[in-house]
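Chemist: Read off the chains here:
4 protein chains.
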Amino acid sequence: MRPEKKGEIDMFDHSRKVPSATVTKAAKDALTRRGVSIEAIAKIVYEMQAPYNDGLKLAHCIESVESVLEKREVQHALLVGIELDVLAEKKMLSEPLQSIVDSDEGLFGVDETIALGAVYTYGSIAVTTFGHLDKNKIGVINHLDTKKGIGVHTFLDDLVASVAACASSRIAHRTRDLEEKGETFKQLPPEDTAPESNVDGAQ
Amino acid sequence: MRPEKKGEIDMFDHSRKVPSATVTKAAKDALTRRGVSIEAIAKIVYEMQAPYNDGLKLAHCIESVESVLEKREVQHALLVGIELDVLAEKKMLSEPLQSIVDSDEGLFGVDETIALGAVYTYGSIAVTTFGHLDKNKIGVINHLDTKKGIGVHTFLDDLVASVAACASSRIAHRTRDLEEKGETFKQLPPEDTAPESNVDGAQ
Amino acid sequence: MRPEKKGEIDMFDHSRKVPSATVTKAAKDALTRRGVSIEAIAKIVYEMQAPYNDGLKLAHCIESVESVLEKREVQHALLVGIELDVLAEKKMLSEPLQSIVDSDEGLFGVDETIALGAVYTYGSIAVTTFGHLDKNKIGVINHLDTKKGIGVHTFLDDLVASVAACASSRIAHRTRDLEEKGETFKQLPPEDTAPESNVDGAQ
Amino acid sequence: MRPEKKGEIDMFDHSRKVPSATVTKAAKDALTRRGVSIEAIAKIVYEMQAPYNDGLKLAHCIESVESVLEKREVQHALLVGIELDVLAEKKMLSEPLQSIVDSDEGLFGVDETIALGAVYTYGSIAVTTFGHLDKNKIGVINHLDTKKGIGVHTFLDDLVASVAACASSRIAHRTRDLEEKGETFKQLPPEDTAPESNVDGAQ
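As they're listed, the protein sequences go chains W, D, B and R.
For the first sequence, this note's numbering begins at 1 and goes up steadily by one.
For the second sequence, this note's numbering begins at 1 and goes up steadily by one.
For the third sequence, this note's numbering begins at 1 and goes up steadily by one.
For the fourth sequence, this note's numbering begins at 1 and goes up steadily by one.
Treat the hints with care, as some may be off.
If chains are identical, the list can't say which one is meant, so a pair holds when it fits in one copy or spans any two.
[Unchecked claim] Straight-line C-alpha distance at most 35 Å; calculated DSBU-like pairs for lysine-lysine:
1) Lys90 x Lys186
2) Lys135 x Lys186
3) Lys17 x Lys186
4) Lys17 x Lys135
5) Lys57 x Lys91
6) Lys90 x Lys181
7) Lys43 x Lys90
8) Lys91 x Lys186
9) Lys43 x Lys57
10) Lys25 x Lys90
11) Lys181 x Lys17
12) Lys137 x Lys43
13) Lys28 x Lys43
14) Lys91 x Lys181
15) Lys186 x Lys57
16) Lys17 x Lys57
17) Lys91 x Lys43
18) Lys25 x Lys137
19) Lys25 x Lys57
20) Lys90 x Lys57
21) Lys25 x Lys186
In short, the hints are calculated from the structure, not lab data.
Keep in mind that this is a model prediction, so the values were computed, not measured.
All chains should be modelled from the sequences, with the hints used to inform the complete structure.
Modeler: Listed below in structure tokens is the structure:
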């Protein structure tokens with residue numbers, strides 16, 4: 001949060017700014033590397049939204065997840081959280097943080113906080129959906145439970161719940177738009193699930 | 001947050017759902033009726049963002065405010081907050097809420113909470129900008145101070161700060177997109193400030 | 001949020017400030033009037049926390065709910081939310097807000113926002129617990145469903161979920177303190193559940 | 001957020017749980033090591049609250065900061081944020097996160113998100129105060145500006161603003177309690193600023 005004012009002398013070379021496309025790619029690659037596919041997240045979204053939506057297909061949910069992954073807040077949260085998981089796996093955090101992250105300590109909370117930062121941008125429906133997913137560990141979120149002992153996923157399970165909650169909220173808002181036109185997801189080509197994601201410069 | 005499941009019997013007539021266009025119009029009308037123009041909010045945005053943006057014009061800021069006012073979260077916050085101000089003016093709230101809202105009591109907090117609900121959807125930059133505006137009361141926000149005795153604006157001053165903060169955040173994100181293309185607001189037609197607001201079904 | 005500076009001339013009579021005890025009583029009375037007992041909320045807390053806590057009794061949960069109800073943020077949220085429910089029942093809100101609140105419209109969100117304002121003060125565990133309760137409608141929350149047609153409880157169901165989530169989070173933190181002393185709730189007299197609530201001037 | 005259920009087999013040794021006292025000490029030590037004294041934070045609090053409080057002394061503000069630093073949410077946020085700053089200084093983060101943190105990139109946002117996690121627990125006054133401090137960089141916050149080139153403090157400046165905002169909010173609530181008894185900070189011994197911090201098991 002330090003935008004340079006016009007004409008302000010800057011100690012950093014502007015060219016150091018990381019291009020958005022690089023950040024987007026890095027966030028998606030990090031998910032893949034940690035074993036979480038977009039489809040696995042989309043399946044959670046489908047499970048959450050199918051009861052309310054005639055004609056909803058997994059393809060709509062995949063589109064919705066893809067559009068969520070285009071958001072800067074979401075990408076930054078993924079990069080930070082996954083970095084901390086990986087550093088904890090390599091025992092590279094200093095104590096006592098290493099032990100806290102390592103054991104996915106019940107009252108830690110920073111994992112949920114970082115995940116919530118992204119969730120908030122999708123409104124209060126996303127917040128309640130996140131809480132539900134975080135408690136009930138549907139789908140791939142369950143496999144990521146650090147307590148199961150296969151690697152450290154203290155941040156990742158919350159981040160996946162966050163992306164799924166955001167994508168669910170996006171579907172719920174879209175449902176309402178369709179309803180007003182007397183339509184359902186049956187009439188909607190998947191690529192129109194989150195139409196803003198096809199517009200250059202949109203957020 | 002009670003979406004009907006498919007096939008669920010609903011005690012309410014579906015046709016009772018208020019069309020989005022009605023809500024949008026009602027929120028904008030409420031602002032006008034309470035003496036706040038879109039231009040007045042845009043002036044705050046301009047004051048916040050001009051130091052960081054070559055070529056930014058008031059017209060860009062007006063477009064950004066307009067796009068914020070298209071969001072459901074923002075519209076609902078405006079409708080509830082302004083309703084409570086008006087009811088307090090008419091002495092129609094029950095005690096002790098009437099006295100609390102009437103006197104814009106320092107530790108009340110629900111006014112900021114409702115305003116923050118909308119702010120969160122524009123990310124953490126919007127949150128810090130909101131805090132700044134709420135403390136420093138720039139432009140029209142200052143005129144709305146309930147303590148000045150002309151009507152009750154306990155909720156409205158926070159809501160205006162909220163819309164201005166959201167629109168500022170939208171501009172800051174747009175700046176970054178332009179930068180990556182080697183452009184500034186000088187090259188941007190105002191109607192492209194928030195391109196998603198021209199797309200049907202976008203949020 | 002308008003504290004008077006020292007020496008500032010104030011258009012309002014200081015004596016108009018509502019005493020804290022009046023606000024506390026009003027918030028609790030409002031809950032009772034709307035059919036929600038402290039015990040009913042405590043039962044939700046018990047259901048959420050008993051699986052993790054040897055020796056937890058309903059009496060501990062009642063103490064925890066009582067301590068949550070001492071917080072200003074919680075009291076203000078209750079006063080505003082219940083006021084809006086009651087005004088909607090009396091058809092005293094202006095349109096389209098009347099119809100939106102009346103029908104507990106799925107994408108409204110201000111009900112959750114107001115409830116979340118209180119939840120945030122109890123940390124991220126409270127946020128996820130709130131989301132879970134909001135989706136799964138345990139205990140008295142289920143009876144309050146506006147869609148069942150007995151009065152309007154659009155705000156109240158979220159507020160009850162909020163108080164229950166806060167009280168659950170308070171128990172979870174207390175568990176940890178006890179654990180460090182090698183104790184459980186078995187050893188804890190209920191009145192020591194939230195020891196700060198017995199201290200004058202504590203928050 | 002993985003409390004073990006009663007009787008659940010746990011792959012981790014319970015004794016691995018980090019004692020609260022260790023976490024508290026680590027968080028305070030980390031602040032000191034990064035050049036931020038409790039007194040420096042208290043000076044910000046004094047600057048924010050003195051205009052509203054007759055008889056407020058720096059000693060009250062120090063007590064308030066100390067009480068904030070007793071909170072788990074605050075301690076965990078400090079540990080994570082400072083860890084990331086230090087790792088960035090040592091060039092030990094992976095790209096592109098290293099460059100983003102290194103340059104305190106304007107739209108990053110995770111720094112504010114982590115800081116806000118603690119702020120939320122002190123209510124909406126703390127949120128607006130945080131926004132104000134984050135924009136206006138009062139006192140030691142200004143010295144920490146990463147752009148000045150002396151080390152990486154991308155997270156720390158927001159964390160200090162967070163602690164100062166929380167401590168300011170604590171003072172504002174205390175003021176109200178005193179007012180109701182016809183007192184001011186003139187009559188308050190500093191050690192009674194946050195009375196709950198002297199109670200074992202309080203939060």
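Chemist: State whether the alpha carbon distance between Lys57 and Lys91 is at most 35 Å within one copy, between copies, both, or neither.
Modeler: Answer is neither: 42 Å inside a copy and 40 Å across each miss the 35 Å cutoff.
Chemist: Between Lys25 and Lys90, at a C-alpha cutoff of 35 Å, which is it: within one copy, between copies, both, or neither?
Modeler: both (23 Å within a copy, 24 Å between copies)
Chemist: Pop the pair Lys90 and Lys57 into one bin, within, between, both or neither, using alpha-carbon distances up to 35 Å.
Modeler: neither (39 Å within a copy, 42 Å between copies)
Chemist: Checking Lys137 and Lys43: alpha-carbon separation at most 35 Å within a copy, between copies, both or neither?
Modeler: both (13 Å within a copy, 24 Å between copies)
Chemist: Is it within a copy, between copies, both, or neither that the alpha carbon of Lys181 lies no farther than 35 Å from that of Lys17?
Modeler: Intra 43 Å, inter 13 Å, cutoff 35 Å: inter-copy only.
Chemist: When Cα atoms must be at most 35 Å apart, do Lys135 and Lys186 count as within-copy, between-copy, both, or neither?
Modeler: both (31 Å within a copy, 26 Å between copies)
Chemist: State whether the alpha carbon distance between Lys186 and Lys57 is at most 35 Å within one copy, between copies, both, or neither.
Modeler: within (8 Å within a copy, 43 Å between copies)
Chemist: Is the C-alpha distance from Lys91 to Lys186 at most 35 Å within one copy, between copies, in both cases, or in neither?
Modeler: neither (49 Å within a copy, 37 Å between copies)
Chemist: For Lys25 and Lys186, with the copy left unspecified, which applies at a CA distance of at most 35 Å: within, between, both, or neither?
Modeler: For Lys25 and Lys186, the Cα distance is within 35 Å both inside one copy (31 Å) and across copies (29 Å).
Chemist: With identical chains, the pair Lys43 and Lys57 could be close in the same copy or across copies; at 35 Å between alpha carbons, which is it: within, between, both, or neither?
Modeler: within (10 Å within a copy, 39 Å between copies)
Chemist: With identical chains, the pair Lys43 and Lys90 could be close in the same copy or across copies; at 35 Å between alpha carbons, which is it: within, between, both, or neither?
Modeler: within (31 Å within a copy, 40 Å between copies)
Chemist: Check Lys17 against Lys135 for me: Cα-Cα at most 35 Å, and say if that holds within a copy, between copies, both or neither.
Modeler: between (38 Å within a copy, 21 Å between copies)
Going down the numbered hints, you'll see the structure goes against 1, 5, 8 and 20, while the others check out.
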